[in-house]
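K.L.:
Letter by letter, the chains look like this.
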Amino acid sequence: MNPIFQRELVGLLRTRKAYAIQAILIGVLTAFVVIRWPDNARADFGGEQAQAVLRLFGYSLLAGLILICPVFPAAAIVREKQDGTLALLIHSPLTPWDIFIGKLFGAAGFAMLLLVLSLPAATACYVMGGVAFVHQILAVYLILLLVALQYATLALCISARTATAVSALRLTYGAILLLAIVPLGPKQFTQGFNDPMVGQVVNTLACVSPIPAMMDVLGQGGIGSQGLINTGPVLQRYSIFAGISILMFTLLTLVKLNARIFDRNRPAGKVTDERSGTVRAYRRIMYLWFFDPQRRSGLIRGWMNPVMIKEFRTQQFGRSHWMMRIFGVCLLLSMGLMLATTRGTLNWGVDTLGGVIVILQTALLVLVAPSLASGVISGERESGGWTLLQMTPLSTFTIVSGKLLSAARTLLLLLLATLPAYGVMLAISPDQAPRILQVLITLILLAVLSLMVSAATSSVFRRSAPATAVSYGILVALCGGTMLFWMGRDAPFPRGLVEQALRLNPLATALSLINTPSFREYSLAPANWYVMGAGIVLSTVVLSVQTWRLARPQ
Amino acid sequence: MSDIVVQTRDLTKAFGSFVALDGLNIQLKQGHILGFIGPNGAGKTTCIKILVGLSRPTRGSATISGVDCTKDARKIKQLVGYMPDTFGSYDNMRVQEYLDFFGAAYKIPRKNRLKRIDEVLETTGSTYMRDRYVEALSHGMKQRIGIARTLLHDPRVLILDEPANGLDPAARVEMRQILLRLAEMGKTLIVTSHILPELSRICDTVAIITKGKLRAFGSLEQIMRNIRQRRLMELQLLSTADLDKAVGLLRTNLEKDAEIVVARQEATVRISTDADDQTLAELLGFLINSGLAVAQFREVQQDLEDAFLMVTGNDSPATDAPAKPAPRR
Chain A
1 MNPIFQRELV GLLRTRKAYA IQAILIGVLT AFVVIRWPDN ARADFGGEQA QAVLRLFGYS
61 LLAGLILICP VFPAAAIVRE KQDGTLALLI HSPLTPWDIF IGKLFGAAGF AMLLLVLSLP
121 AATACYVMGG VAFVHQILAV YLILLLVALQ YATLALCISA RTATAVSALR LTYGAILLLA
181 IVPLGPKQFT QGFNDPMVGQ VVNTLACVSP IPAMMDVLGQ GGIGSQGLIN TGPVLQRYSI
241 FAGISILMFT LLTLVKLNAR IFDRNRPAGK VTDERSGTVR AYRRIMYLWF FDPQRRSGLI
301 RGWMNPVMIK EFRTQQFGRS HWMMRIFGVC LLLSMGLMLA TTRGTLNWGV DTLGGVIVIL
361 QTALLVLVAP SLASGVISGE RESGGWTLLQ MTPLSTFTIV SGKLLSAART LLLLLLATLP
421 AYGVMLAISP DQAPRILQVL ITLILLAVLS LMVSAATSSV FRRSAPATAV SYGILVALCG
481 GTMLFWMGRD APFPRGLVEQ ALRLNPLATA LSLINTPSFR EYSLAPANWY VMGAGIVLST
541 VVLSVQTWRL ARPQ
Chain B
1 MSDIVVQTRD LTKAFGSFVA LDGLNIQLKQ GHILGFIGPN GAGKTTCIKI LVGLSRPTRG
61 SATISGVDCT KDARKIKQLV GYMPDTFGSY DNMRVQEYLD FFGAAYKIPR KNRLKRIDEV
121 LETTGSTYMR DRYVEALSHG MKQRIGIART LLHDPRVLIL DEPANGLDPA ARVEMRQILL
181 RLAEMGKTLI VTSHILPELS RICDTVAIIT KGKLRAFGSL EQIMRNIRQR RLMELQLLST
241 ADLDKAVGLL RTNLEKDAEI VVARQEATVR ISTDADDQTL AELLGFLINS GLAVAQFREV
301 QQDLEDAFLM VTGNDSPATD APAKPAPRR
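From first to last, the protein sequence lines are chains A and B.
Taking the working numbering, I'd label the letters of the first sequence as residues 1 to 554.
Taking the working numbering, I'd label the letters of the second sequence as residues 1 to 329.
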């Protein structure tokens with residue numbers, strides 16, 4: 001047996017979290033079946049109940065895999081690299097292929113185990129009747145298997161190319177968002193276009209994500225298509241794409257798994273101030289002086305929070321030149337949406353544009369906030385910086401507030417960069433002002449919630465990688481997980497229950513406020529604001545108690 | 001005014017029933033370097049954490065320049081510069097930015113900060129690293145920047161946890177020079193290290209601690225005198241043929257409980273004795289007059305490693321220092 005596989009999987013199965021995940025999964029799936037199990041002698045020839053359970057079952061497993069699958073492989077190679085054990089593995093008689101397969105099946109093996117644990121529930125669905133074995137049960141498992149392999153290989157590929165486990169996790173979740181959610185956008189927002197070419201392109205693009213394939217298999221291929229069902233061979237397309245991407249990610253990882261992985265030049269540490277007059281003048285003009293990444297920074301001013309400035313300087317995207325780049329991209333995206341709206345208002349409508357912007361902003365907040373804030377305390381503890389900070393005269397409040405302010409600034413910039421699109425919406429339809437204000441309140445609360453949840457999680461964990469994974473898990477579960485109820489609206493979930501579930505979801509709240517089709521019928525605000533407020537208070541309490549515990553003398 | 005800078009009285013720390021530090025009493029004068037040694041888990045880090053205000057003692061007290069380490073943490077932070085065994089590196093930050101951050105954290109006014117950064121970089125011989133990224137520095141460079149960081153706020157006492165750990169020989173020599181320079185500047189240093197020969201070259205005072213108890217404290221000479229009341233002498237002959245005769249003469253001329261060990265292949269006899277210099281001089285004359293061809297007759301000097309091994313003895317199954325069968329020559 002591959003020794004790496006054995007070590008990784010056995011090591012993982014020994015952890016409490018692995019046990020907890022398995023127990024929760026079995027509990028939830030059993031509950032699904034028990035709730036919908038026929039309680040009288042009448043036969044359900046239509047198989048509605050079984051279909052309803054299978055839908056929940058399929059979506060839950062898919063959501064679970066998307067959330068859990070990247071956690072273990074994303075850190076698998078980079079952690080070995082940091083600990084110095086990757087050199088030992090590469091130096092051993094194990095081939096790169098052995099290492100890769102060991103890592104892949106060590107990490108994906110756990111996902112496979114979860115799938116095996118779900119088999120009794122799947123069998124129960126089949127026994128209930130009305131569910132096709134090959135076209136539904138097997139197809140669901142095929143998609144889940146492909147998702148597990150695809151995202152595990154993606155995570156390994158990223159892990160082999162990053163310097164820290166945290167950056168590997170961030171990039172992996174970002175890439176998964178790009179592969180699973182973003183391809184659905186064009187299809188959602190180009191419906192009704194007459195051009196068949198556009199239709200074909202967006203349909204094919206949507207198949208990059210496993211969600212349409214799962215929806216198709218579970219008999220919900222037409223949902224969200226506004227009556228225009230044009231699914232095509234979705235499962236086949238996804239399978240082909242997944243197969244190609246698995247192969248590609250595998251090759252890209254194998255290329256890196258050799259001694260060259262350690263060939264990294266130390267940055268020379270050049271500064272513009274030390275270079276020739278011509279170079280200095282050129283760079284100062286081109287970078288407008290302030291945005292020159294090689295500029296020697298000024299000293300921290302007395303009135304500034306030094307921790308905040310330190311955070312800006314140490315974050316990958318915290319430096320002024322990176323902030324301007326991110327701001328610029330968001331601004332361009334926003335302007336593009338404005339242009340699209342003014343040219344195609346009749347086709348899209350203000351509601352559709354609002355929906356796009358809300359999804360874009362929510363995705364950015366959920367993606368960026370944990371990457372900024374989930375290391376505020378765990379990162380310092382991991383690097384040994386926490387002790388050094390404690391040795392300075394800075395109070396714990398100054399340290400934590402400096403860290404939170406640095407993350408808040410970035411989030412604020414992201415929110416501000418997409419504001420022009422709301423301006424256009426107002427110009428088109430001035431009566432939308434109260435709605436837009438409510439949406440902005442929801443998004444600001446989401447930003448604060450994301451920040452505080454990530455910071456609170458960071459104070460609980462010793463290492464940044466699990467803190468980041470848990471922060472993403474909580475936020476994605478909040479914004480994406482509760483959508484499972486919306487997907488099962490009317491069958492099996494009654495409207496009341498769906499509304500209750502969506503009240504937890506800031507994305508659904510913003511979409512309902514902006515009048516997006518399928519969400520406009522729910523009344524979610526201000527209930528969701530109270531929920532988010534409670535979440536912020538709870539996170540603040542956890543953060544305060546934890547930092548007090550960590551800062552007091554032992 | 002007393003020049004005692006660091007003082008602990010009956011310093012004790014217990015975690016439940018486990019006593020990590022048991023009634024530690026030490027005193028350290030200004031400008032002195034204390035070598036703090038002991039096996040892993042002996043209580044060194046616990047003691048250091050109390051001294052820097054990161055831990056509270058269960059009993060007893062610790063003061064630095066008269067300031068109580070537990071009651072006045074704010075003043076202690078100004079008085080002490082602490083370098084833990086982990087560097088505490090921040091990615092994507094240049095050395096000057098790194099020092100600027102800690103300078104700002106220690107409230108060094110902006111107008112003085114750049115000058116101070118220049119000074120500490122010069123003291124540690126790190127000026128050329130100013131614009132380098134911290135994460136790109138080698139281990140030795142990081143150790144120097146770590147010391148520069150602890151010096152930023154001009155503390156009276158420096159507590160350095162394993163400053164020479166992982167350094168190559170040249171870097172160790174440089175580190176030694178830096179520490180001696182700091183002591184000359186009037187700083188009081190507490191240094192822990194596993195590299196005992198290094199410590200013995202720079203320390204005025206040594207504290208050996210095992211299982212939370214202070215086993216020996218004082219200058220190296222004092223410690224050696226205390227732990228080994230007897231002198232270890234070595235007699236080397238030109239020929240192994242005279243060895244038995246030499247042993248016989250030694251037995252008749254030394255006290256009864258003198259230990260005599262013969263290393264036949266080296267034609268050497270090692271003697272552990274209470275005899276003073278006068279007695280030993282007379283003994284040497286007698287041996288020579290008896291016709292023995294004496295090549296060498298000398299006292300074996302003992303070092304910190306010997307002291308450490310003798311003090312810790314079988315106290316700990318896993319000591320930090322490499323095990324040695326006998327005192328070195």
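Calculated directly from the structure, the hints in this document are not laboratory data.
Treat each hint with caution, since some may be false.
With beta-carbon atoms standing in for the labels, derived distance ranges [as the list claims (entries may be wrong)]:
| # | chain 1 | residue 1 | chain 2 | residue 2 | range |
| --- | --- | --- | --- | --- | --- |
| 1 | A | I35 | B | T58 | 50 to 58 Å |
| 2 | B | T127 | A | S395 | 30 to 38 Å |
| 3 | B | R110 | A | L440 | 51 to 59 Å |
| 4 | B | E119 | A | Q554 | 48 to 56 Å |
| 5 | A | V537 | B | K107 | 31 to 39 Å |
Built from N, CA and C at the ideal position, the CB exists for glycine as well.
K.L.:
Now tell me if each hint is right for this structure.
P.N.:
Quick rundown of the hints versus the structure:
1. I35/A to T58/B: 50 to 58 Å: Given about 56 Å between the Cβ atoms, the range holds.
2. T127/B to S395/A: 30 to 38 Å: holds, 33 Å
3. R110/B to L440/A: 51 to 59 Å: Because 38 Å falls outside the window, the suggested range is violated.
4. E119/B to Q554/A: 48 to 56 Å: Cβ of E119/B to Cβ of Q554/A: about 34 Å, so the range 48 to 56 Å is violated.
5. V537/A to K107/B: 31 to 39 Å: holds, 33 Å
Consistency note: the structure conflicts with the earlier hints numbered 3 and 4.
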